[in-house]
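A.B. asks: Going down the list, the protein sequences come from chains A and B. Heads up: the first sequence begins at 1 in the working numbering, then just goes up one per residue. Heads up: the second sequence begins at 1001 in the working numbering, then just goes up one per residue.
Calculated directly from the structure, the hints in this document are not laboratory data. Keep in mind it's a predicted model, so treat the numbers as computed, not measured. Here a beta-carbon is modelled for each residue, glycine too, at the ideal position from N, C-alpha and C. Keep in mind that a hint or two might mislead.
[Unchecked claim] Restricting the straight-line Cα-Cα distance to at most 30 Å, the calculated cross-link-like pairs of lysine-lysine (BS3-like) are:
hint: 1; chain 1: A; residue 1: 203; chain 2: B; residue 2: 1011
hint: 2; chain 1: B; residue 1: 1228; chain 2: A; residue 2: 203
hint: 3; chain 1: B; residue 1: 1201; chain 2: B; residue 2: 1011
hint: 4; chain 1: A; residue 1: 275; chain 2: A; residue 2: 203
hint: 5; chain 1: A; residue 1: 203; chain 2: B; residue 2: 1201
hint: 6; chain 1: A; residue 1: 203; chain 2: B; residue 2: 1233
[What the hints assert, rightly or not] Covered stretches of chain B, going by a simulated chain A footprint (3 or more residues, C-beta under 8 Å):
hint: 7; region: 1065 to 1075
hint: 8; region: 1100 to 1109
[To be verified] A partial selection of chain B residues facing chain A, derived with a Cβ cut-off under 7 Å:
hint: 9; residue: 1040
hint: 10; residue: 1079
hint: 11; residue: 1084
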Amino acid sequence: MADKVLMKGNEVIGEAAVLAGCRYYFGYPITPQSEIPAYLSRRLPEVEGVFLQAESEVAAINMVYGAASAGARVMTSSSSPGVSLKQEGLSYIAGAELPCVVVNVVRGGPGLGNISPAQSDYWQATRGGGHGDYRTLVLAPNSVQEIADMTIAAFELADRFRNPVLLLVDGILGQMMEPVQLPAPLSYDLNQKPWALGNPNRKGGRNLCSTIFLDVEQLEEHNWHLYQKYQVVTDEFAKGAYQHLAVETHAVDDAEIILVGYGIISRILKTVVEKARKRGIKAGLVRPKTLWPFPSQVLADLAARTKQFLVVEMSCGQMVEDVKLAVNGRKPVFFFGRTGGTVPSDFEILNEVDKLVRPD
Amino acid sequence: MTMEQVFARPKCMTKTPFHYCPGCDHGVVHRLIGESLDELELGDKTIGVAPVGCSVFAFDYFTFDFNQAAHGRAPAVATGIKRVRPDHIVFTYQGDGDLAAIGTAEIIHAANRGEKITVIFINNAIYGMTGGQMAPTTLVGMKTATSPYGRDAQLCGNPIKMAEMLATLEAPVYVTRVSVNTPANLMKAKKALKNAFRLQKEGKGFTFVEVVCICPTNWGKTPNDAHKWLAEKMLPVFPLGTYKDVLGVDKG
Ligand SMILES: Cc1ncc(C[n+]2csc(CCOP(=O)(O)OP(=O)(O)O)c2C)c(N)n1
Ligand code: SF4
Ligand SMILES: [Mg+2]
């Protein structure tokens, strides 16, 4: 195993992609993800890969669509406004069942918003964003190490399920430097996907990449087929091979109040849990590591034991809806958020916990 | 006595009957593509990209691999494919709404990068598939579903000339405009397609073949009248000819 190195989150995304066998990157500049294309524009030529700066995010995601259809491991990255432009392409990629990795280093919105960290793209990430009955897997790392591990996992998941996988990275994490142990490189053969266009190792016949089904029965069948695939994904995250990627819990066994947060917020919440416990408040933490499929069962089980939940996000409240759906009215679910690029302090969250646990 | 077969379906085309309206040029251009690829022996080394438009089902008519792209995005999709499979001929087949309106950025930048792809541009001065709306190539004064009083240049500008525009760029090696309205023009169109595919095979660069076509259905004309109208009205606005030929293939 390699030694730990000190690296910036965004650069780790680039290096981990290369280690995962990604040799094609298409993107358009936007802050705060600019280190990803900068890194890959230098790194990909070293491994005979292709780095291409596209004319727009729309073009970039369609280049991804083309490269993925031809069998490549391929990635694009952007930040919130740019990810909005990729939604049409994502719908096509999901509909055509192609694997790819899309990174969103999230910034504040709506509109141009600002370049400060935010979590206000949760709905767009987990609800699709593009048109039609489809899903994208959404991984939400909370450290630079996890960025490395989840980037690798994203490529494997994308290939396994032939589906786009979104890496939802807080702006802070992209910019943060931390020690990281880079994973071992994976081998990838361009001709390992028998369905890929131009692949000489096919079974026979021709390969077609299409999303058009004029016949209503055929489209219905296709959509149910996608739905069944998403059910398999959900099952494998809930109790199968990908359980380790689903959720982290901390001090929940005796918790009377459970804090729920993802990404960078979960690190602040861990401090809040420690401080609350020092004050005699039995607090615990649930951190969804994957936002779709959402770890609903874990929250549902805890709803039977705890007294209340507090969801903390850097938005006006988006994931809180999924927590409420999971808890399903069994216990009260409260929300605390800061938005517009503001990161809440452990102190102000602790105050909220205090108010909920010891109402005057 | 054995008879020599002089006319047959190109090897790289399927038996599927065309779904196009009677007299439509899409089928004619498809056939020229099939013949050209056969003659260059590229039929099994080709990947097509067809975005939305009447020809979205182009994949039904060819035996090689195909990608069905979103409206206007074919040059970007083809870029991704060609970068991964540089040993293949990659072509897009796009309408005028597709290429000259919604997909303007993608075509200009694919051409400007000199992507080693071939773009076949079907200019029928109308949005065929969606029922005859005004296209960026619609002639001034021409009545369509969304220009019932005729295209007003003051309101909607003038027809956009893609071959001329792309020929101003450094990278493209071959930019030409052809038609299939007469037997002589049809032969020239086939030669242009073959030139384009051959240049791509040799790795020379970006090639662009605009084909001025009829859409009898949405023009509200019989195929014969449509061809007459094309010659009288369209060709003066979209003059046939080669606008860029870096390697002099038209003469060769
Ligand atoms: C994003 C998007 N916008 C609009 C449409 C609807 N649409 C389908 S084909 C088309 C225009 C087709 O015209 P053209 O490209 O000229 O091709 P033709 O049918 O004339 O060959 C439009 C607007 C679409 N499919 N996708
Ligand atoms: S609508 Fe026009 S372009 Fe489309 S198939 Fe019919 S004639 Fe051809
Ligand atoms: Mg048209």
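A.B. asks: If a hint holds in the structure, say so; if it does not, say that too.
C.D. replies: For each hint, the structure was consulted:
As the CA atoms of residue 203 (chain A) and residue 1011 (chain B) are separated by approximately 20 Å, the hinted pair is consistent with the 30 Å bound. Between residue 1228 (chain B) and residue 203 (chain A) the CA atoms are separated by roughly 48 Å; this puts the pair beyond 30 Å, and the hint is violated. In summary, the hint linking residue 1201 (chain B) to residue 1011 (chain B) is supported, as the alpha carbons are separated by about 19 Å, within the 30 Å threshold. Our distance criterion of 30 Å between C-alpha atoms is broken by residue 275 (chain A) and residue 203 (chain A), whose separation comes to about 61 Å.
Only pairs whose Cα atoms come within 30 Å are accepted, and residue 203 (chain A) paired with residue 1201 (chain B) is accepted, the gap being roughly 26 Å. Proximity of residue 203 (chain A) to residue 1233 (chain B) is assessed by CA-CA distance (about 50 Å); at most 30 Å being required, the pair is judged violated. Interface restraint, the region 1065 to 1075 of chain B with chain A: holds (7 residues with C-beta to C-beta distance below 8 Å; minimum three). Only when three residues or more bring their CB closer than 8 Å to a CB of chain A does the claim for the region 1100 to 1109 of chain B stand; here the count is 4, and the claim holds.
The interface hint given for residue 1040 (chain B) is broken, as the beta carbon of that residue sits about 17 Å from the closest beta carbon of chain A, more than 7 Å. Given the 7 Å rule on beta carbons, the hint for residue 1079 (chain B) holds: about 5 Å separates it from the nearest Cβ of chain A. Because the beta carbon of residue 1084 (chain B) sits about 4 Å from the nearest beta carbon in chain A, less than 7 Å, this interface hint is met.
Of the hints listed earlier, those the structure fails to meet are numbers 2, 4, 6 and 9, in rising order.
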